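For the protein sequence lines, the chains are A, B and C, in the order given. All residue numbers for the first sequence refer to full-length UniProt numbering, where the first residue is 1 and numbers rise by one. All residue numbers for the second sequence refer to full-length UniProt numbering, where the first residue is 1 and numbers rise by one. All residue numbers for the third sequence refer to full-length UniProt numbering, where the first residue is 1 and numbers rise by one.
Warning: the hint list may mix true and false statements.
One copy or two, either will do: identical chains are not told apart, so a pair holds if it fits within one copy or between any two.
As the list claims (entries may be wrong) - The calculated DMTMM-like cross-link candidates involving lysine to aspartate or glutamate, where the alpha carbons are at most 25 angstroms apart (straight line), are: (1) K86 to E204; (2) K284 to D569; (3) K58 to D571; (4) K541 to D469; (5) K86 to D160; (6) K541 to D630; (7) K284 to D149; (8) K101 to E363.
What the hints contain is simulated information worked out from the structure, not anything from laboratory work. Predicted model, so just to flag it, every value in this text is computed and none were measured.
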Amino acid sequence: MTPALGVCYYPEHWPEDVWQDDATRMVDAGLTWVRIGEFAWSRLEPSPGDLQFDWLDKAIDVLGGAGLRVVLGTPTATPPRWMLTKHPDMLAADADGRPRKFGSRRHYCFSHQGYIAECRRVVTLLAERYGHNPHVQAWQIDNEYGCHDTTLSYSPAAQDAFRDWCAQRYQSPDALNRAWGNVFWSMDYADFDEIDLPNLAVTEPNPAHVMAFRRFSSEQVVRFNRAQAEILRRHTDAPLIHNYMGRVLDFDHFDVGADLDIASWDSYPIGFLSDRLDAPEDHKLRFLRQGDPDCQAFHHDLYRAVGRGRWWVMEQQPGPVNWAPWNPAPLPGMARLWAWEAFAHGAEAVCYFRWRQAPFAQEQQHAGLLRPDSADAPALAEACQVAQEMEDLETAQSRAPVAIIFDYASAWAWETQPQGADFHYFNLVFDMYKSLRRLGLSVDILPPDTDAAANYRLVLAPGLATLPDRLMQALSDPTHTSLIGPRSNAKTEEMSIPAPLPPNIPGLDARVSLVESLPPGANIPVGAGHIHKWFEHLEGKAERLVSTAEGQPVVVHANNCFYLAGWPDGDLAAELLSRLCQQAGVETTPLPEGLRVRDTATHRFYFNYNAAPVTHQGRTIPAAGVHWEDL
Amino acid sequence: MTPALGVCYYPEHWPEDVWQDDATRMVDAGLTWVRIGEFAWSRLEPSPGDLQFDWLDKAIDVLGGAGLRVVLGTPTATPPRWMLTKHPDMLAADADGRPRKFGSRRHYCFSHQGYIAECRRVVTLLAERYGHNPHVQAWQIDNEYGCHDTTLSYSPAAQDAFRDWCAQRYQSPDALNRAWGNVFWSMDYADFDEIDLPNLAVTEPNPAHVMAFRRFSSEQVVRFNRAQAEILRRHTDAPLIHNYMGRVLDFDHFDVGADLDIASWDSYPIGFLSDRLDAPEDHKLRFLRQGDPDCQAFHHDLYRAVGRGRWWVMEQQPGPVNWAPWNPAPLPGMARLWAWEAFAHGAEAVCYFRWRQAPFAQEQQHAGLLRPDSADAPALAEACQVAQEMEDLETAQSRAPVAIIFDYASAWAWETQPQGADFHYFNLVFDMYKSLRRLGLSVDILPPDTDAAANYRLVLAPGLATLPDRLMQALSDPTHTSLIGPRSNAKTEEMSIPAPLPPNIPGLDARVSLVESLPPGANIPVGAGHIHKWFEHLEGKAERLVSTAEGQPVVVHANNCFYLAGWPDGDLAAELLSRLCQQAGVETTPLPEGLRVRDTATHRFYFNYNAAPVTHQGRTIPAAGVHWEDL
Amino acid sequence: MTPALGVCYYPEHWPEDVWQDDATRMVDAGLTWVRIGEFAWSRLEPSPGDLQFDWLDKAIDVLGGAGLRVVLGTPTATPPRWMLTKHPDMLAADADGRPRKFGSRRHYCFSHQGYIAECRRVVTLLAERYGHNPHVQAWQIDNEYGCHDTTLSYSPAAQDAFRDWCAQRYQSPDALNRAWGNVFWSMDYADFDEIDLPNLAVTEPNPAHVMAFRRFSSEQVVRFNRAQAEILRRHTDAPLIHNYMGRVLDFDHFDVGADLDIASWDSYPIGFLSDRLDAPEDHKLRFLRQGDPDCQAFHHDLYRAVGRGRWWVMEQQPGPVNWAPWNPAPLPGMARLWAWEAFAHGAEAVCYFRWRQAPFAQEQQHAGLLRPDSADAPALAEACQVAQEMEDLETAQSRAPVAIIFDYASAWAWETQPQGADFHYFNLVFDMYKSLRRLGLSVDILPPDTDAAANYRLVLAPGLATLPDRLMQALSDPTHTSLIGPRSNAKTEEMSIPAPLPPNIPGLDARVSLVESLPPGANIPVGAGHIHKWFEHLEGKAERLVSTAEGQPVVVHANNCFYLAGWPDGDLAAELLSRLCQQAGVETTPLPEGLRVRDTATHRFYFNYNAAPVTHQGRTIPAAGVHWEDL
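The shape of chain A in the complex, shown without the other chains (with noise of 0.2 angstroms):
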């Protein structure tokens, strides 16, 4: 499939006689794609049973008729004001035991077993009018998933359906009381109706209670995803998709994407930076209007696992949006760098978002590809320049010769039970990966039930919580790298600590006698670098790689399968990273810093995410700017 760019619209904001002009517009400047719909409830249903669909036939024909591929959204993200009238417990419920007001968006709680039959209904409707249609040639199924800490609910109808999950789960409750350690402090239950949310506790709840929790609030936003795409899969042969966010984690994102075709996410590089990643904050600066230079590629990787290989940006940041605590503008040349890394890591598509900054409501300071007086904004005429430029370029995705695991139960459990305040498991992969980038590498990443991992020369599993057997079997097998660690299968799936002690690799004599966190300044010294936030205590005869200036172990293997006993910094995790891919044979290039590179099977890109141009192995890379070669 030839990738293509797109943008994000909705013909309910505007008078009807702007939407041809806005269509013909579109199709001038290279777009392809448009997505509307998903949050268009009131306009389609504006009390209850009172359908009002002309106006979308006409907005489709409309955009259609000009050439344009339609991505219909499925409305339930923002269920209108008679809903709650309907269903006055829709609501979810914060830590607090607060209902969530309607007055936003995503007001809704996962669990509510009548407001998910309303979004049958709903898309039952939609599907049966567009399933058919042939200008909707893809659907995106509800909007930002756990956006605004949107999927733990601590709401009556969440404590209800935890319980029916715990009854199944555990079948009885004394099986419960065993599997969670219930003994500790007299918390055994009797009944499954005993069983509160984890949340107003005295002080910390039993961690096997959260992560139950945490994964019965994972399942139920699969089985509210599921609801619709069953239901869209009767009328359509159109792919679907779900557009999620960055870091976001609560939920397990593979599991959604197994029962949808097209894996797609939101990309706000500036706001990310200054609102969702821990950097210091010259880094900040640094990157300040151009967005952390491995936030973007990461999230394009673990999508296009998620997406089995398919997978989209829905929607792309084009100018200063509204929501980050500061907002600057992107500098000149991101719209456009931003788009390529995309495709270059294998995007099918590309939509900004939104076409036209709307002078209303929430998101009026979010720009657009126009602005609110129709005048182009900034970012069209680098739309536009991506359009022609991919006329002239055909590449294809290969395998990166690394890969790094990524498991959202994990996140988990390092969120119910960090030891140290800082041990934030998404930190924890990125550094790695950020660690590999800058040796110039591309990298997949590879769900934790992968059978793929024997395909890559090296492979990293940090913090994976438990460590399945199959990938247990495929990172200790000898004839490939693997660096396994920091804190690596440390907890059953029932969240105590497992027997053997860990990390339990099949072949290494090796045992985690003592785990230490350590606050900011308290590093140990190893090779070029520190061990710091994390350290464990290594006993057992395993060879080691590394130790500390002290001389504890740091890594260990047997054969080619290591352990990492701490969280390395960044100049200890180059020098390590940089001596496993010579084990494992693959080539690195230490990249000046901002600049990275991304090969697909028939070129190599470099993107410049600095301020300024970047000489290196004699290119010149303008600021903000892309380059390619042939490989």
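Since the structure of chain A is already known, use the hints to place chains B and C on it.
Same frame as chain A, but now just chains B and C:
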């Protein structure tokens, strides 16, 4: 009217047998006014209908008999505990929906009709009894509206009243939906009774919704105050006063002030610098025992406008207070300096708070003119000195050469939608005010509906969300100099982006094509300083006065009407305002740090806020000193 | 009594068939005591009335049979889930009014009569069964009162009880109104049932109201504990113990201790330094794996006073814990050092917490003497070493030359009314204690109602809100040296400013005319150091010992009774206390950083808290080392 000193006194706190002695000492100290009664409801009406006015009769007799002029407060800021039994739902609710309980003060919701009726009842009783008492020469209504964040209430009473307010303002739900842009995210309402207050939404509520709630909340204060003013007018000719607070912006003081005769405010320079002003730590330490050199003057000038020329300091800090995070003592001399500064800005009266430090309850660590053991506190001697000095000095106010527009609704707009985390309207205006004062200027403050703008050589309108037509006319009049912006005329009354794009100044070909908010450290070099926090990209052919180092326009103009496209730091503001003053024919004299000047019709006053003497143009003014010269 | 080592054990966590082996290993390690049972209610009474004591019988048999002495805990800190079904309103409520739910521990309100009756019932059953069991040689009542901020409850049960308490204390609403100064802000009550708890008020509630609630809350803990103690006394002669926590000040430990025979506390040096002590980051990093050099000693001395000479460490940290923000491992040697330090301060027993690390539930990352796989954890060998060393060393306690008064009510007073944001009573006393210890001194701690003050050469009474008459008598006795202040005798029992003004020391002509709290950076130079945080202006003719650089009095005195008018930093405190010690004939020896000394009747002990060896007067003490010499 000759200005005078006064004091706040609580006869109900002390045995009757000390009243006479207190009154005599007040008179001996040179005090003229005494404010009483504003928290005494539980002693005036210990149980419902059981009126106990005898003690107040006597207190007024004693004080008035000693020659003091009494300001009588209505006691509605502190309803007695039995009021809650009668009206259990009268409490305000915080943004979390929790009732704000009895046990301190201001425990009422401005929208509760039952409580308003009780206020009418008690004020009628007081007005009937004391409206013609010759000693009662002024009335204070309630106390410090909005203090402790009490303007906004999320109670059921507020919700009902807000729905009525919406119904009156918009007439139909459809009109409201259109005005707010509720099509966005399916937020349409079919009935006014569906509208909730904008709290506890899943994410950001519609800014138009919030802004409507802010306007409503301000109007509720106006109505509450008016209910009392109307009753008092029927029974007395004495002037009506309210004592406003420092940096409380949640209601429109101009609107409340329109129903009153005199504006007054409660000036706590040291507490405000520590607790309410945003300033670097070194600034806070430098002026630790003096207060910010501009904060008092700013509020004096603001409340002079609110009082349409008539204003007081109703409460003047005399020593350490109890409510700031830290509470140091004023430098010797400050209790005098503050009083003189108020008189130089036109105060009719300055009343110290309070006569004798109470040894009990919340403010027991709040200094008075007397200590709890009735010995003189340090400020008493300074008050005596001021009283003596006033006998020798007569002065009168005159118009300042420069004015700044101050608009409460703009504070709400930018609080509703800051777009940058540190975009505070107060700080923007105050930065401009400070820069003018550092140039040695006296400044007037004007409301946005002023018709006096044309009387000034230079008028500034920074951050004015919506420029009223009349004001725009005056500011763009080529015969006067004005500086508009940044972020001026950037929103409609309904909190959307106007068409055409801002600033839309007649005759000025400039449009804001893009806005950026900038985090700390992301400064844009301009001339002698920088733009920080906020920067607007301008397009159009307007003539430039100032550009960034990279060549983007910062100040453009048509004739004498200038538009400023960013938030200047101190250095840039000084450079820019010097230039505009020169252009406008306003003479400037840069002052040493901590020294400030105020011109009256007859004198130039110097105030040294430093803890060390300062020399300026041959004059040496001692630490915490005041100096005046004939003009 | 010869001191002994012990351990905390949970037979209910492990299969019965390992109990015997565990017991044997305990005895082999040199342990004497084993504490059991304190969280086992759900296994003792799985459903209401279904008593299952067999397993406990057997566990006591096995442990006692192996030669161990059993401490049996009452299980009232962890009521089973069915208790909530019986008493749904038994939960405490937090300051926001939210019930603090089941799911961890300490989920009860001290004021709930129904739950207290349940506690009486279960304790009666236990006492009847084990009161004369020869293996049960001590009893622990409940567990860590006040931990997780559980002393204060804002539940309906607490509200009812508080009203009764007020009625009993004040007898009439008028008396209460007078005592609290409720005339201020019309806060008068007409009926005790009108009194709410002092939470969720609009702004600061009356400090007298808060202070009454604090006294009430403390007394509820005393009563709760006494209810169990009275029952146990009827059935056993074994000593009664409670295990207090570090830096928990919410209830009066002296009052609880009066009903018990032995005080004990739970000592987690590394967790406390990280989580509960206020100290600069570099200090926290320096002692990261050792704990603060004075924190343990301070609590040892405090609980020796609470236990009237008899005290234990009931839980001793053996390795990394799970509950601090970061959890590093102790340096090798610290598990020995901590135990020896406790014995040097007079502990009768030191019990490590816990025997075997549990692989499940909340504390699965909390180290024990055994690892989860039953292998020895590092601390076990250190415990063995201590056990062996104890056989060769006999010592006895002696009175220290210096004492400090410690008063829980003062902690409440200054928390109620800090006046400066960093005015913490604990820190003030601890600063003084640290300064004495750095001078090489052993220190005793005394309660405010002590009659032993006259036995010390020097007594300090910093921050004592209300000085009891008897203590004032002793401190102002010219035959001994005392240091009173700052902020001593500054409040009445009802939290108002006393008349005459403080400190009101017999024979000392000094009054606090004004107080200042000072933010960080606002230091007042005095001698070799500074006053920071708090400074009092003194008037009167008392002789001065120390003045500020500007000449204000800092220390005044009459004979040997000194009053200190500010909070000294470390340098000033060292200078001042050296001088007072000299005056009092107390010999001082300034110690190197991290080295501390404790004298018993027979030996001088040295404890090196540094991570490196330290040499002092010819002795070199290794890192984390202990050294003792005959005196």
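| task | Please flag the earlier hints that this structure goes against, numbers listed from lowest up. | result | 3, 6
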